[in-house]
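Dock chain B against the given chain A, drawing on the hints supplied.
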Amino acid sequence: MSSILNIKNVNKNFGKISVLNDIDINIDKGDFLVLVGPSGCGKSTLLNCIAGLEKINSGDIFIDNKNMSDIAPKDRDIAMVFQSYALYPTMTVEKNITFGMKVRGLSDEIQQKKLIEVSRQLQIENLLKRKPGQLSGGQRQRVAMGRALVRNPKLFLFDEPLSNLDAKLRVEMRTEIKRLHYDLGASMVYVTHDQIEAMTLATKIVVMKNGFIQQIGTPEEIYNHPANIFVADFMGSPAMNLIHAQTKKEKDNYQINIKLANGEVASLTEKRKLKLPKDIIIGIRPENITEMGSKNKQNAQVITSNVDIVEPAGSDTYVVTKLGETEVTARFHSETKVKIGSKIDFLLDLEKASYFNPTSGKRI
Amino acid sequence: MINSVSKNQLNKIILRIFLYLILSVFVIYYLLPLFVMITTSLKSLEEIRTGSLIALPRNITFEAWGTAWSTACTGIRCEGLKPFFWNSIFIAIPAVIISTLIGAINGYVIAQWRFKGANIIFALMLFGCFIPFQVILLPMARVLGLIDLAGSISGLIFVHVIYGIGFTTLFFRNYYVSIPVELVKAAKIDGATFLRIFWSIFLPLSLPITVVTVIWQFTQIWNDFLFGVSFSEAGTQPITVALNNIVNSTTGVKEYNVDMAAAIIAAMPTLLVYIFAGKYFIRGLTAGSVKG
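In order, the protein sequence lines correspond to chains A and B. Numbering-wise, the first sequence is residues 1 to 364 according to my numbering. Numbering-wise, the second sequence is residues 1 to 292 according to my numbering.
Since the hints were derived computationally from the structure, they do not count as laboratory data. Quantities reported herein were computed from a predicted structural model and do not represent experimental measurements. One or more hints might be untrue.
[Stated by the list, open to error] Listed next, the in silico DSBU-like pairs over lysine-lysine satisfying Cα-Cα at most 30 Å (straight line):
no. : chain 1 : residue 1 : chain 2 : residue 2
1   : A       : 154       : A       : 131
2   : B       : 188       : A       : 8
3   : B       : 116       : A       : 29
4   : A       : 95        : B       : 116
5   : B       : 188       : A       : 114
6   : A       : 129       : B       : 279
7   : A       : 129       : B       : 188
8   : B       : 188       : A       : 178
9   : B       : 12        : A       : 113
10  : A       : 204       : B       : 116
11  : A       : 273       : A       : 249
12  : B       : 279       : A       : 74
13  : B       : 116       : A       : 131
14  : B       : 188       : A       : 131
15  : A       : 154       : A       : 113
16  : B       : 188       : A       : 16
17  : A       : 74        : B       : 116
18  : A       : 209       : B       : 188
19  : A       : 154       : B       : 188
20  : A       : 8         : B       : 116
21  : A       : 362       : B       : 188
22  : B       : 116       : A       : 16
23  : A       : 209       : A       : 8
24  : A       : 209       : B       : 279
25  : A       : 66        : B       : 279
26  : B       : 279       : A       : 55
27  : A       : 102       : B       : 188
28  : A       : 154       : A       : 273
Isolated chain B, as found in the complex:
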């Protein structure tokens, strides 16, 4: 008896070790590129040329980061990523806020104020989520030209808002659909109007799904390259386009350390959003299914 019990435990321990081993392999597999990026960005060009790819830097230097941020050349301009970083911020923040708000109101109407054809409209919006980016490039360019927003930051905000509404509506609709309709009925009898009910009752309930939507939209818009490269001009390009230009416009020596630093800078905001709001993200994704 005693023997078999300890044998069982031994088996368990071996399995545990095996499990951790496999997991560690995957962790290394996923983190190795990041490791290489960070170490490379902290090395000098000289060291990169002579040392090994995965070796730790002998002398840590932030020179490449400084270059990437403020003096690296994107095409003929040599101002680093800085102006484009701000472009991306000025595009992403309004676009995220506007598309999230519109999605919230859309979802509220579709889930709680049932009207004739609500299902069809929702289905069409859902369909909008599946339209590939490339398909709308030409029509969108034409529309932007007509409304005089071509090549501007406002034009890019407009494009991202339109393209995002399908997703944000879907998120909010699925969240609000689990809220009992009696809540709206009670508020109507209490005398609250359409917008008052939304503002006082539904929005305060929406923190988890708002976080999900904001993360989703921010990641989409920040990481977007195609719209950015198609609908911008010299002064209004987002950071993804600038990053591409930095990497492609080298004269003579390839500055790997600057490229790596630039890539990390470009990815930093989405990384930070995940780190700070990630736990709400998981919570929000499952929140719709749990009744309050």
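In isolation and in its complexed conformation, chain A is listed as follows:
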């Protein structure tokens, strides 16, 4: 696989405020890269830098192995879809889609051919004569995609394209973008603050915070092996449980002591070959804390605690309890019979747990 986008050591600052620090990312042709992070983390700035709409202060950006750092946006062979769609308000849908080709001086026949092709693909043929003001949010979104598709670029850039849509439409369009990616085999860079969008769409995720990359990896890696507490907490809904604990070295394994709400200490045993410091934070996802009796797993440990809250969510039921100072969410079957206030056994699958250093926040 050849590299389509290679970002090397890129720095960007606005005056004295640095917004991107030593960004290194490389993706292959056909990859779907999602930049995700809380607002203000620099993900949109990075996208604008890739597009050439913002100048970088140092480093290089290669698109299809060509150094594009100082090239104008129009010559980077990219197309971009914006959060506000940025459709030209006085032009019809048809003119919106063909504007780029017209500016580039393509012949009328080619323009018409591509217009028909793309509008068929996105099912907007019946909208071509309308103006953006006469379209619904979802339709505008499609037109914005059409304007990108018609360019047939090396790289598609999406800047939070779904965040202005209502929940139902968002899920629909998400599926559509995924299908489009599959059908075209195109390379895409997608910015979002929605971690579910990131997980569902990406072949590769970059998690950012304060202008620094926190972790790069496949959705599976990011989800199951978060590089630090920030990533662990940010990705996944409900968030990963992060519990303070003490360890005690035994012969082959570690004894992990968690202080419970009532002051008692629960002891768990970690059987994996690990090297743990004395103080740790255990990161464990809600789905890895289950009800007793549901198929007992290897390396599963039992903690008895009070049920504070029961939240039925349809497909699952979330059960909240308190371990030490922290609220812990467990994911039970929807048919569960647990009641608020009762004392039950929780089954922790330590096999899937992550450990973090409490001072540095890094994964151990």
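Only chain B this time, still in chain A's reference frame:
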């Protein structure tokens, strides 16, 4: 119950009548001068001397209008307002078009192509709106002399364009600032250049604010007296200066009917602009605040 309801309604009706009464008083107060002007201009001198000021004309005659337009004396020339009317047209139309276009481009740059110092430049231009006319008279006369435009129509156009840019820039900048910057970004990626984006995307969006600017500029320039009287010479005076001269250069009898007709002729173009474009004016003034 029934009694109190009808009492409420009665109160409402009385209030309504009272409201209309007050409004009518103001309408009469504002329209009375116009009424007097029009009726006086349609009377003969004889009738003005003998009749009441607010009486309707007994015999309507357009003689005074004809005199005001083509034979009234402004100083030693007796050609009426006609040549000066055309002077004003030749000054106002190019000056309005040029200052509006420059304002549009300035506003586009300041609002959408942020550059270092854009805010300072905008603040300075805004400051330009507040400079009193009198302050620039002498420097401007000197500059007009240096560039050889003194006393000419082009010189007056130049002065009005310069003085108008502050306002036109302000109007367009405030209008364009509400347009999302992503529009420019999208067009840049589509390959459009600076001027192409302005021409194809921003100008078509600008009808409401253009109307506001044109009305504003036209009214300012048409009604201007000070620049007109300072920077013109005999053949290039605008209509406001000529009107003043007609009213002041009477020999013997004061021809009130001619003066009134001349004043109405001089005010007519701005009046027409308001009547035909007024609804866009109100719409345009508030357009910046509403997203499209």
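Against the structure, the hints:
no.	hint	in the structure
1	A:154 with A:131	28 Å, holds
2	B:188 with A:8	24 Å, holds
3	B:116 with A:29	38 Å, violated
4	A:95 with B:116	34 Å, violated
5	B:188 with A:114	20 Å, holds
6	A:129 with B:279	29 Å, holds
7	A:129 with B:188	24 Å, holds
8	B:188 with A:178	26 Å, holds
9	B:12 with A:113	66 Å, violated
10	A:204 with B:116	37 Å, violated
11	A:273 with A:249	12 Å, holds
12	B:279 with A:74	41 Å, violated
13	B:116 with A:131	35 Å, violated
14	B:188 with A:131	21 Å, holds
15	A:154 with A:113	20 Å, holds
16	B:188 with A:16	27 Å, holds
17	A:74 with B:116	23 Å, holds
18	A:209 with B:188	28 Å, holds
19	A:154 with B:188	17 Å, holds
20	A:8 with B:116	28 Å, holds
21	A:362 with B:188	41 Å, violated
22	B:116 with A:16	15 Å, holds
23	A:209 with A:8	18 Å, holds
24	A:209 with B:279	51 Å, violated
25	A:66 with B:279	55 Å, violated
26	B:279 with A:55	44 Å, violated
27	A:102 with B:188	13 Å, holds
28	A:154 with A:273	45 Å, violated
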